[in-house]
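J.: Given only the sequences and the hints, what does the whole structure look like? Please build it.
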Amino acid sequence: MPQSLGTVLILEDEVLVSTMIEDLLLELGAEHALVCNTLAQARAAIEQHGVHCAILDVQIGGADSFEIADALAARSIPYFFASASGPDRLSERHRHRPLLAKPFSNEQLRECVRAAVLQAALPA
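Residues in the sequence shown are numbered from 1 upward in steps of one, following the numbering used here.
These aren't lab readings, by the way, just hints derived from the structure by calculation.
C-beta atoms are modelled at their ideal positions from N, C-alpha and C, and glycine is treated no differently.
Hints should not be assumed to be uniformly reliable.
Quick list of in silico lysine to aspartate or glutamate cross-link-like pairs, DMTMM-like style, CA-CA up to 25 Å [as the list claims (entries may be wrong)]:
#1 K102 / E27
#2 K102 / E92
#3 K102 / D88
#4 K102 / E22
#5 K102 / D64
#6 K102 / D23
#7 K102 / E14
#8 K102 / D13
#9 K102 / D70
#10 K102 / E67
Listed next, with one range per pair, are the computed distances between beta-carbon atoms [said to hold, decoys possible]:
#11 S4 / G86: 15 to 25 Å
#12 P98 / G6: 12 to 22 Å
#13 S105 / G29: 13 to 23 Å
#14 T38 / A73: 11 to 21 Å
#15 D13 / D70: 16 to 26 Å
#16 G86 / Q48: 28 to 38 Å
#17 E92 / E31: 26 to 36 Å
#18 S4 / E92: 32 to 42 Å
#19 R43 / G6: 13 to 23 Å
#20 D88 / E67: 18 to 28 Å
#21 Q48 / D88: 13 to 23 Å
#22 G62 / L118: 17 to 27 Å
#23 H96 / Q59: 28 to 38 Å
#24 A73 / A40: 30 to 40 Å
T.: Have a look at this one:
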(Lines of atoms letter the chains of each structure in order from A; the text may use other names.)
(Lines give C-alpha, C1' and ligand atoms only; values in the text may rest on other atoms or scores of the structure.)
Protein backbone atom coordinates (compact mmCIF):
# COMPACT_ATOMS: atom_id res chain seq x y z
CA MET A 1 0.00 0.00 0.00
CA PRO A 2 1.31 3.52 -0.70
CA GLN A 3 2.74 5.55 2.13
CA SER A 4 -0.33 7.78 2.17
CA LEU A 5 -3.91 7.04 1.28
CA GLY A 6 -4.60 10.74 0.98
CA THR A 7 -8.03 11.91 2.08
CA VAL A 8 -10.67 9.23 2.59
CA LEU A 9 -14.35 10.02 2.90
CA ILE A 10 -16.33 7.81 5.29
CA LEU A 11 -20.12 8.02 4.94
CA GLU A 12 -21.45 6.11 7.95
CA ASP A 13 -24.22 6.98 10.40
CA GLU A 14 -23.22 4.50 13.12
CA VAL A 15 -20.72 6.32 15.35
CA LEU A 16 -18.91 3.21 16.60
CA VAL A 17 -18.48 1.88 13.07
CA SER A 18 -17.26 5.22 11.69
CA THR A 19 -14.79 5.60 14.57
CA MET A 20 -13.39 2.11 13.96
CA ILE A 21 -13.04 2.79 10.23
CA GLU A 22 -11.44 6.19 10.86
CA ASP A 23 -8.90 4.74 13.32
CA LEU A 24 -7.92 1.97 10.94
CA LEU A 25 -7.58 4.32 7.97
CA LEU A 26 -5.31 6.64 9.93
CA GLU A 27 -3.26 3.63 11.00
CA LEU A 28 -3.01 2.57 7.34
CA GLY A 29 -1.65 5.96 6.33
CA ALA A 30 -4.61 8.16 5.44
CA GLU A 31 -3.70 11.83 5.68
CA HIS A 32 -7.28 12.68 6.59
CA ALA A 33 -10.42 10.68 7.28
CA LEU A 34 -13.51 12.78 6.63
CA VAL A 35 -16.29 11.22 8.68
CA CYS A 36 -19.73 12.20 7.40
CA ASN A 37 -22.96 10.91 8.89
CA THR A 38 -25.37 12.67 6.55
CA LEU A 39 -25.66 12.95 2.79
CA ALA A 40 -25.35 16.75 3.06
CA GLN A 41 -22.04 16.44 4.91
CA ALA A 42 -20.74 13.99 2.28
CA ARG A 43 -21.78 16.30 -0.59
CA ALA A 44 -19.97 19.21 1.07
CA ALA A 45 -16.86 17.12 1.75
CA ILE A 46 -16.63 16.08 -1.90
CA GLU A 47 -16.98 19.70 -3.04
CA GLN A 48 -14.60 21.21 -0.47
CA HIS A 49 -11.86 18.60 -0.09
CA GLY A 50 -9.62 16.61 -2.39
CA VAL A 51 -11.10 13.18 -1.69
CA HIS A 52 -8.96 10.27 -2.92
CA CYS A 53 -11.33 7.40 -2.12
CA ALA A 54 -14.51 6.74 -0.17
CA ILE A 55 -16.33 4.16 1.91
CA LEU A 56 -20.11 4.44 1.75
CA ASP A 57 -22.76 2.85 3.91
CA VAL A 58 -25.72 2.04 1.65
CA GLN A 59 -28.39 3.30 4.07
CA ILE A 60 -27.88 6.70 5.71
CA GLY A 61 -30.65 8.13 7.86
CA GLY A 62 -33.42 6.39 5.97
CA ALA A 63 -32.06 7.31 2.52
CA ASP A 64 -29.58 5.59 0.24
CA SER A 65 -26.09 6.84 -0.58
CA PHE A 66 -26.33 6.41 -4.36
CA GLU A 67 -26.28 10.15 -5.12
CA ILE A 68 -22.93 10.33 -3.31
CA ALA A 69 -21.70 7.32 -5.27
CA ASP A 70 -22.78 9.09 -8.48
CA ALA A 71 -20.85 12.23 -7.48
CA LEU A 72 -17.73 10.17 -6.75
CA ALA A 73 -18.03 8.23 -10.01
CA ALA A 74 -18.41 11.49 -11.98
CA ARG A 75 -15.07 12.61 -10.49
CA SER A 76 -13.41 9.19 -11.04
CA ILE A 77 -12.90 8.81 -7.28
CA PRO A 78 -12.80 5.14 -6.28
CA TYR A 79 -15.27 4.01 -3.66
CA PHE A 80 -16.85 0.92 -2.23
CA PHE A 81 -19.91 0.18 -0.15
CA ALA A 82 -19.91 -1.18 3.39
CA SER A 83 -23.30 -2.45 4.43
CA ALA A 84 -25.25 -5.07 6.36
CA SER A 85 -27.58 -5.16 3.34
CA GLY A 86 -26.87 -7.60 0.55
CA PRO A 87 -25.95 -6.71 -3.03
CA ASP A 88 -29.64 -6.67 -3.98
CA ARG A 89 -29.92 -3.34 -2.07
CA LEU A 90 -27.46 -1.69 -4.47
CA SER A 91 -28.93 0.17 -7.40
CA GLU A 92 -28.29 -1.48 -10.75
CA ARG A 93 -25.81 1.23 -11.77
CA HIS A 94 -23.63 0.52 -8.71
CA ARG A 95 -23.75 -3.29 -8.56
CA HIS A 96 -20.32 -3.57 -10.15
CA ARG A 97 -18.79 -1.77 -7.14
CA PRO A 98 -17.27 -3.72 -4.26
CA LEU A 99 -19.51 -4.40 -1.28
CA LEU A 100 -17.94 -5.05 2.11
CA ALA A 101 -20.43 -6.96 4.24
CA LYS A 102 -20.97 -5.77 7.82
CA PRO A 103 -19.80 -6.85 10.25
CA PHE A 104 -16.30 -6.94 8.78
CA SER A 105 -12.84 -7.48 10.15
CA ASN A 106 -9.97 -5.00 10.05
CA GLU A 107 -8.27 -7.23 7.49
CA GLN A 108 -11.34 -7.22 5.22
CA LEU A 109 -11.48 -3.43 5.43
CA ARG A 110 -7.74 -3.23 4.69
CA GLU A 111 -8.20 -5.36 1.56
CA CYS A 112 -11.06 -3.22 0.25
CA VAL A 113 -9.09 -0.02 0.85
CA ARG A 114 -6.04 -1.57 -0.83
CA ALA A 115 -8.16 -2.52 -3.86
CA ALA A 116 -9.64 1.00 -4.06
CA VAL A 117 -6.17 2.56 -3.90
CA LEU A 118 -4.90 0.22 -6.60
CA GLN A 119 -7.94 1.05 -8.75
CA ALA A 120 -7.14 4.76 -8.40
CA ALA A 121 -3.56 4.13 -9.51
CA LEU A 122 -4.59 2.39 -12.76
CA PRO A 123 -4.38 4.48 -15.92
CA ALA A 124 -7.76 5.57 -17.25
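J.: Would you mind marking each hint as holding or not holding in the structure?
T.: The hints, checked one at a time:
1. K102 / E27: holds, 20 Å
2. K102 / E92: holds, 20 Å
3. K102 / D88: holds, 15 Å
4. K102 / E22: Holds, at about 16 Å.
5. K102 / D64: holds, 16 Å
6. K102 / D23: holds, 17 Å
7. K102 / E14: holds, 12 Å
8. K102 / D13: Holds, at about 13 Å.
9. K102 / D70: holds, 22 Å
10. K102 / E67: Measuring from Cα to Cα gives roughly 21 Å; hence the hint holds.
11. S4 / G86: 15 to 25 Å: Hint violated: Cβ distance 33 Å, outside 15 to 25 Å.
12. P98 / G6: 12 to 22 Å: Holds - the Cβ-Cβ distance for P98 and G6, about 18 Å, lies within 12 to 22 Å.
13. S105 / G29: 13 to 23 Å: Since S105 and G29 have Cβ atoms about 19 Å apart, the given range 13 to 23 Å holds.
14. T38 / A73: 11 to 21 Å: For A73 against T38, whose Cβ atoms are near 20 Å apart, the range 11 to 21 Å holds.
15. D13 / D70: 16 to 26 Å: Taking Cβ atoms as reference, D13 and D70 lie about 19 Å apart, which means the hint holds.
16. G86 / Q48: 28 to 38 Å: Distance hint for G86, Q48 holds at roughly 33 Å.
17. E92 / E31: 26 to 36 Å: Holds, since E92 and E31 (Cβ atoms, about 34 Å apart) stay within the stated range.
18. S4 / E92: 32 to 42 Å: holds, 34 Å
19. R43 / G6: 13 to 23 Å: Since the Cβ atoms of R43 and G6 sit about 19 Å apart, the hinted range of 13 to 23 Å holds.
20. D88 / E67: 18 to 28 Å: Since the Cβ atoms of D88 and E67 sit about 19 Å apart, the hinted range of 18 to 28 Å holds.
21. Q48 / D88: 13 to 23 Å: 33 Å Cβ-Cβ, so the 13 to 23 Å window is violated.
22. G62 / L118: 17 to 27 Å: violated, 34 Å
23. H96 / Q59: 28 to 38 Å: Between H96 and Q59, where Cβ atoms are some 20 Å apart, the hint is violated.
24. A73 / A40: 30 to 40 Å: For A40 against A73, whose Cβ atoms are near 19 Å apart, the range 30 to 40 Å is violated.
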